Amino acid sequence: MSPALDAWLYGTHVATFSPAAGRSSPGVRMTWASEAAERWGDGSVVLSHLLPTGADPHRSSPG
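Residue numbers for the sequence shown, in numbering that gives the first Met the number 0: 0 to 62.
There could be a bad hint or two in this list.
What follows is a list of derived Cβ distance ranges for each label pair [said to hold, decoys possible]:
id, residue 1, residue 2, range
1, Gly40, Ala20, 23 to 31 angstroms
2, Ser43, Gly21, 28 to 36 angstroms
3, Gly42, Tyr9, 16 to 24 angstroms
Simulated from the structure, these hints should not be mistaken for lab results. Computed from a predicted structure; not experimentally measured. Don't be surprised by glycine CBs; every beta carbon is placed ideally from N, CA and C.
Make the full structure from the sequences, and use the hints.
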């Protein structure tokens with residue numbers, strides 16, 4: 000089982016961060032929780048201006 004980290008903001012589950020699978024370098028996958036869109040609306044900038052809420056997972060890798 001892969002470790003995952005849930006992000007909460009003002010009592011609302013907003014996203015889950017987990018290791019990006021199938022990559023040759025370390026990376027993180029962020030998946031928005033449906034509660035984030037329900038509370039703030041789809042496309043809102045809740046955590047970062049570069050990560051608007053939505054269904055598409057965001058991926059990041061070092062450098």
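Status of the hints after comparison with the structure:
Range check, glycine 40 to alanine 20: Cβ separation about 29 angstroms, and the 23 to 31 angstroms hint holds. Distance hint check: the CB atoms of serine 43 and glycine 21 are about 29 angstroms apart, consistent with the given range 28 to 36 angstroms. Hint check: glycine 42 to tyrosine 9, Cβ distance near 19 angstroms, so the stated range 16 to 24 angstroms holds.
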